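> Put the complex together from the two separate chains, hints included.
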Amino acid sequence: MTALAPLRPIPPEADPPYDAPAYRSTEKRHPTHKLLPWVHTVTELTGPHFSPARFPATTDLSVVNGKQALGERIIVAGKVMDENGRPVPNTMIEIWQANAAGRYHHPNDQHDAPLDPNFRGEGRVFTNEAGEYRFISIKPGRYPWRNHPNAWRPHHIHFSLFGSGFAARLITQMYFPGDPLLPLDPIFLAVPDAAARERLIARFDLSLTEPEWALGFRFDFVLRGKAATPMEHP
Amino acid sequence: MHGLTPSQTIGPYWHIIEHPEWADLTRFGAKGERITLSGRILDGDGAPVADAAVEIWQADPPASELFPGFGRSRTDAEGTFRFITLKPGPVPGRGNVQQAPHLAMAIFARGLLKPLFTRVYFAGEPANETDPLLNQIEDPLRRASLIAQPAGQDGFVIDIHLQGARETVFLDI
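So the sequence lines, in the order shown, correspond to chains A and B. Numbering-wise (this note's numbering), the first sequence opens with residue 1 and increments by one. Numbering-wise (this note's numbering), the second sequence opens with residue 235 and increments by one.
Same shape as in the complex, but just chain B (with noise of 0.2 Å):
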């Protein structure tokens, strides 16, 4: 066993290394039910955390020439990320068990020595309701942390809150 290399903080600054149109995962031309997702990254004040590094990873539509399945964005002054991406499917879970459409995000900023991992469900999913990671969580409030709500045409929202009353769930992986 070799010992694993510790994580550090992604600091300030790593917008050297950003190119911006990571955040369209459409842009090598991947057809499909094209959607934005957007949404906004809170401290435990409620203020928007405008340095973060926002990356999401989805297994479905399968990573190809033409999807990547991974996008990165940053925040905004007002804490704002936005991506725009397929809509993925169910994919399967451990067992004979189907999950729930979703995508992994990842946060990464200064103040977090390591990513913050979540998932990003989609309101409306009947799927929602058997997923096996959704129903582990047995507060509403909670729960509906992970789900995404439909906003204008082609588009869904989530808010990350990565402290206090409406903290979203985060998850050990």
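With the rest of the complex left out, here is chain A (with noise of 0.2 Å):
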């Protein structure tokens, strides 16, 4: 039965570790146990589905009651497929962010940078029939965190996506091409091998760029798909 097909199992190289002793915060808050492993049921391949009529949409981030946010403007589009290739329409992505001078708009974060009170670096955007989505905000700054000495994360965007079912759950961050702090970052070196690290970098693209506007980055998810598509192209 297609619909009970179970999603292709995560490829190891695609998936950064519990236990990854260079980002410390891991140390105690991972598994020491095996996972138990898992057939895929109704309870893991059916998922949440969010209707932006209950769940309005905030397609630019740069504008707060009519007032530009200071920063870099960008526009951010791309496409969410599943591994098989095919698109996931009408599916929501959460965003988060922090602003142009790398501070969160979060009581948490007391790095000393100006927050701005025309940016919350929150949104929320959904797909159309052909899986693309597209946003603006402001590129976000970087920021000095405390893992190690001198540790600053590069500049990065947070996403949240649903896909099919409960076990395609996404929440992953987009980072920026050329950005030096990639090959320091923890987090990013997390992921074992280093083309599945490339799919984190968004890509420059001049035909998103709108001119006398705002730079354009191009940044396509894979969701997890099933493993049995017998009635589909490979």
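Far from chain A by the CB rule (all over 10 Å, computed), these chain B residues:
{"no.": "1", "residue": "263"}
{"no.": "2", "residue": "312"}
{"no.": "3", "residue": "330"}
{"no.": "4", "residue": "362"}
{"no.": "5", "residue": "364"}
{"no.": "6", "residue": "381"}
{"no.": "7", "residue": "384"}
{"no.": "8", "residue": "386"}
Incomplete in silico selection of chain A near chain B, CB under 8 Å:
{"no.": "9", "residue": "104"}
{"no.": "10", "residue": "196"}
{"no.": "11", "residue": "224"}
Derived pair list, reagent style SDA-like, types lysine to any residue, alpha-carbon separation capped at 25 Å:
{"no.": "12", "chain 1": "A", "residue 1": "28", "chain 2": "B", "residue 2": "393"}
{"no.": "13", "chain 1": "A", "residue 1": "67", "chain 2": "B", "residue 2": "252"}
{"no.": "14", "chain 1": "B", "residue 1": "321", "chain 2": "B", "residue 2": "256"}
{"no.": "15", "chain 1": "A", "residue 1": "28", "chain 2": "B", "residue 2": "249"}
{"no.": "16", "chain 1": "A", "residue 1": "139", "chain 2": "B", "residue 2": "246"}
{"no.": "17", "chain 1": "B", "residue 1": "265", "chain 2": "A", "residue 2": "52"}
{"no.": "18", "chain 1": "A", "residue 1": "34", "chain 2": "B", "residue 2": "398"}
{"no.": "19", "chain 1": "A", "residue 1": "139", "chain 2": "B", "residue 2": "251"}
{"no.": "20", "chain 1": "A", "residue 1": "28", "chain 2": "B", "residue 2": "311"}
{"no.": "21", "chain 1": "A", "residue 1": "28", "chain 2": "B", "residue 2": "391"}
{"no.": "22", "chain 1": "B", "residue 1": "265", "chain 2": "A", "residue 2": "55"}
{"no.": "23", "chain 1": "A", "residue 1": "34", "chain 2": "B", "residue 2": "405"}
{"no.": "24", "chain 1": "A", "residue 1": "34", "chain 2": "B", "residue 2": "379"}
{"no.": "25", "chain 1": "A", "residue 1": "34", "chain 2": "B", "residue 2": "371"}
{"no.": "26", "chain 1": "A", "residue 1": "34", "chain 2": "B", "residue 2": "378"}
Don't read these hints as lab results, they were simulated from the structure. Just so you know, these numbers come straight off a predicted model, no measurement behind them. Note that the Cβ used here is the ideal one computed from N, Cα and C, for glycine as well.
And the structure:
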């Protein structure tokens, strides 16, 4: 029965470990027992659906109450698909990020960088029928963290996606091309395979860029897909 | 085949997208056996995990306009999460097997590069004895880590231990 076909296992090269000593917060938070193997059932293969009527989209993070946030305006666009290349239509994407100065609109962020009254850094978009999404924001600044001496996070935007079922749930971070902090970042480097890490880096795209207005970056998401797809192309 | 987008941590600032009402799955008016489900997330030292995002998904009752089936709760300074939902009934498993009433749970937090998946079952359900997932766990203490206990009227409690002697059973899904 195709509907109950399990999702493909996550390939090891794309799978960051729970225990990643260079990322210190994993030390007391990683399980030490072997995970219990489990073949997907309806519980894992179904998941929530969010309608834009009930969960309204915010496609421009760069403007709050009609006022423009400070920073370098960007357009981020791309496609959400599964491993089989099938678009994931009408799916919700949650977005959050720091402001241009590298500060989150969050009470626990005490980094000595200014808050921007015109930037909350929070948004939500939906893919269209073809699995495509697009939003406007400002390029998030880099900021220090206390993982190790002189530690700085690269430019990044946080994303949350739901996919076809609960086991396909994805929370990740998108990085920017050419950032010299990437080869120093233990969170980025926790992904074992270099080619898999590259998939976390957006591509500058002149065709997405709007003259005199904003730089365009392309970023595609690939979520887990069903293992048995006899009716489809590989 | 397209290469999977790897997971990265939710980090400590995810509350920017938090909507506290999402922890109440009955907020759209769903009717049924209303329960609260609460508990604490604790790390390997037994210290509260105060910055987690805890998510639940249930295949029963079926999701509808009135019942999202999905909820998200933050943990507070004591590591406590709290949901209001409808108690699930049994759902089909693989083959001819029924699964005992349960919720799927995913835990995201700083220090977790990918979610921890587990399940929440309910004490006192006769179907627990024949549940195919519970019956894979031989150690009774480990098995008990997946079973929420009644607490007060309409309440169930389950603590999640990320690491250590009382470590919760997490699933490789």
